[in-house]
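Can you make the complete structure from the sequences, with help from the hints?
2 protein chains.
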Amino acid sequence: MDSAFLKELITPAQTKIVMLIIDGLGGLPREPGGKTELETACTPNLDALAAQSALGLTQPAGPGITVGSGPGHLAIFGYDPIEYEIGRGALEALGVDFELGPDDLAARGNFCTVDANGLLVDRRAGRLPTEISRGLAQILRTIDVQGAEYFVEPVKEHRFVFVMRAPGLSAALSETDPLKVGVEPLPVRALQPEAEQSACLLNKFIAQARRLLADKQPANMITLRGFAKLPALPTYSDLYGLKAAAIAVNGMYRGVARLAGMEVLHVDGDTLADEFSALRNRWEDFDFFFVHVKNTDTFGESGDFEGKVGAIEAVDAHIPCLMALEPDVIIVGGDHSSPAVLKSHSWHPVPVLLYSKYVRPDGVTKFGERACLRGSLGILPAKDIMPLALANAGRMIKWGA
Amino acid sequence: MDSAFLKELITPAQTKIVMLIIDGLGGLPREPGGKTELETACTPNLDALAAQSALGLTQPAGPGITVGSGPGHLAIFGYDPIEYEIGRGALEALGVDFELGPDDLAARGNFCTVDANGLLVDRRAGRLPTEISRGLAQILRTIDVQGAEYFVEPVKEHRFVFVMRAPGLSAALSETDPLKVGVEPLPVRALQPEAEQSACLLNKFIAQARRLLADKQPANMITLRGFAKLPALPTYSDLYGLKAAAIAVNGMYRGVARLAGMEVLHVDGDTLADEFSALRNRWEDFDFFFVHVKNTDTFGESGDFEGKVGAIEAVDAHIPCLMALEPDVIIVGGDHSSPAVLKSHSWHPVPVLLYSKYVRPDGVTKFGERACLRGSLGILPAKDIMPLALANAGRMIKWGA
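Chains as they are written, first to last, in numbering that gives the first Met the number 0: chain F, 0 to 400; chain L, 0 to 400.
A portion of the hints provided could be inaccurate.
Copies of one chain are not kept apart here, so a pair can be met inside one copy or by any two copies together.
Simulated crosslink set (EDC-like; lysine to aspartate or glutamate; CA at most 20 Å straight-line) [to be verified]: (1) LYS356 / GLU38; (2) LYS6 / GLU325; (3) LYS242 / ASP102; (4) LYS397 / GLU82; (5) LYS6 / GLU82; (6) LYS6 / ASP79; (7) LYS356 / GLU300; (8) LYS15 / ASP284; (9) LYS6 / ASP383.
Worth flagging that the hints you see were computed from the coordinates, not collected in a lab.
Here you go:
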């Protein structure tokens with residue numbers, strides 16, 4: 000649905016919406032005829048909630064499309080994930096909790112090794128320890144090329160985030176990693192005329208980096224790739240008139256939420272209980288809360304079926320805390336599926352539950368993939384969840400007389 | 000989904016996909032409370048396959064739209080059948096296995112009867128016997144109008160296919176059949192400036208045809224209609240990186256498959272067994288096989304409910320041959336419905352089954368219209384089947400990080 004059309008229908012209300020995203024929620028059975036992770040988990044609280052909810056399955060970006068967490072979250076937040084693409088550099092920056100702004104151009108950086116002739120010998124500098132990488136990032140931060148500000152944030156091993164800040168930067172740039180050894184790292188080239196200035200600044204930065212790192216074997220050079228600016232998303236406040244908060248432990252999810260104009264709340268600790276404490280503590284301050292559960296996906300991606308089952312059960316145990324707050328609307332869903340048997344994200348639709356006093360109950364009393372198939376929401380694009388939530392929250396007026 | 004978007008995600012794999020299209024598969028019950036043709040048929044093999052598959056119902060071109068076999072096949076092949084329209088002349092040419100190229104302008108031709116004043120007396124020349132038609136086509140082939148090559152292929156009775164070949168032809172042309180008697184056949188007129196040359200050549204051809212046929216009562220004149228060029232489809236190789244083959248006995252299906260860049264395989268005979276032999280013999284040579292079953296539709300269109308049931312059972316009997324090849328992904332579906340009670344194509348969604356090791360089973364163990372309604376694919380556009388098949392075949396990478 001067109002967001003301009005939706006926006007016209009928004010009306011204020013004293014209601015609260017909670018969107019609980021269980022990362023990588025959808026799964027697959029371990030053996031033919033078996034149950035999925037969610038179907039295996041003992042989830043009395045989610046099942047009770049399902050009995051009062053409308054159920055369905057969400058598709059983040061279309062049939063057969065497996066999405067990363069960035070587009071997966073944008074979709075369930077109500078954005079068209081294909082229209083609002085988050086480039087790799089920007090995602091990496093969000094992942095380290097870097098507060099990217101509209102003037103920022105981000106990239107993924109690698110420390111690498113070149114020989115005396117400047118030819119690449121190791122694209123990852125022997126996957127050097129994160130500790131050393133941290134020191135080298137400190138050195139790169141001393142670089143001063145007039146015309147922009149520069150930020151370097153270590154990620155892990157040889158990887159770092161690079162951000163250049165100046166008005167009018169463009170991401171239409173070629174990458175410097177030649178993806179093979181025995182050749183020089185490539186210069187940055189502008190792929191469109193408006194990127195000339197950006198390319199020029201970057202090449203000067205890289206030249207200085209080369210000089211400063213010259214004696215820092217094995218990490219004596221850098222490569223930059225995945226240049227990206229943030230997509231300019233209309234915010235939750237603009238679109239929906241919602242004062243929205245995000246509760247997430249991992250940087251990337253905090254970053255994507257910030258992109259949607261959500262205020263990222265402080266979480267004292269990194270457990271589910273800590274996240275629900277933050278929710279309780281700030282309950283009065285917002286209309287909308289996005290609460291993110293990460294470890295379900297981590298277990299799915301590592302192929303740990305039982306681990307994922309346990310993680311889902313841990314979420315279930317917190318549902319009474321959530322209900323005690325008496326939200327008007329609750330969404331429980333996922334950004335994508337991560338079946339343990341595939342050890343990866345997958346294209347399978349994701350179970351979703353929409354609770355409010357005004358949903359038409361569908362007579363389904365379990366929360367699981369097959370149960371959701373019999374739900375009244377059907378299989379729907381993930382981005383359709385928000386309009387449904389807003390309607391159930393009394394935040395949309397009638398269209399037409 | 001945008002095909003450019005999809006194309007970016009395609010990755011090579013050593014997997015094989017079989018798309019078995021049972022023409023006109025969907026049906027209707029004969030009497031209230033009764034079963035459809037597919038539900039009536041005894042299909043133990045398809046039912047066993049369904050139990051390991053995701054089921055659903057496909058809509059070729061939208062709710063309520065009844066499609067012909069051309070758009071029906073384009074849709075299940077993954078193309079938007081409204082965007083890529085195959086004109087009537089082009090379809091007729093494909094139907095006689097004419098290998099239409101990009102420089103070809105095709106039309107449906109009729110032999111007709113005019114009186115001494117050139118006024119139409121019979122638009123079908125008394126539906127003259129195909130044998131006579133064949134001889135007259137031979138005469139038309141002698142026509143030589145400079146500026147193009149001309150092809151005439153008899154179809155049946157008074158009908159023939161006409162193809163004109165030259166660079167830069169346009170199909171923006173009016174038809175010559177006035178659709179009533181007592182008037183002269185119309186001249187071809189250009190409907191857009193770029194069609195002037197085409198109109199001029201066609202009128203010269205028709206003038207010569209009139210001269211050559213003058214004494215061939217009752218077929219002493221021709222009309223041409225349905226001028227069409229082929230739509231320029233991106234091929235299976237371009238779009239999906241698939242080396243694709245088509246196994247079909249009837250010309251039209253071979254033609255549509257060729258349009259999608261499939262290699263049309265030789266079938267030694269015209270039975271289902273012959274088609275499955277061709278599949279087995281060429282199994283090593285391709286990634287994707289389209290196998291077409293025609294007679295289900297023929298029975299449906301002639302109102303033969305029992306005949307269609309039998310034809311479906313015959314397909315079922317060949318499923319073990321298919322399974323023996325161990326395809327990674329199997330699609331069993333149809334291009335449209337052809338309920339025997341309607342004696343025609345219909346708009347009803349078409350049962351579809353998608354088998355792979357990675358589908359999420361939906362607990363449905365029958366292949367039939369009502370069973371498919373409870374399947375996990377839901378009711379989906381036919382063109383969404385290919386992305387799902389590619390995902391299940393491990394031929395699509397994740398989108399976004």
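Handout entry: Which numbered hints fail
Key = 2 and 3
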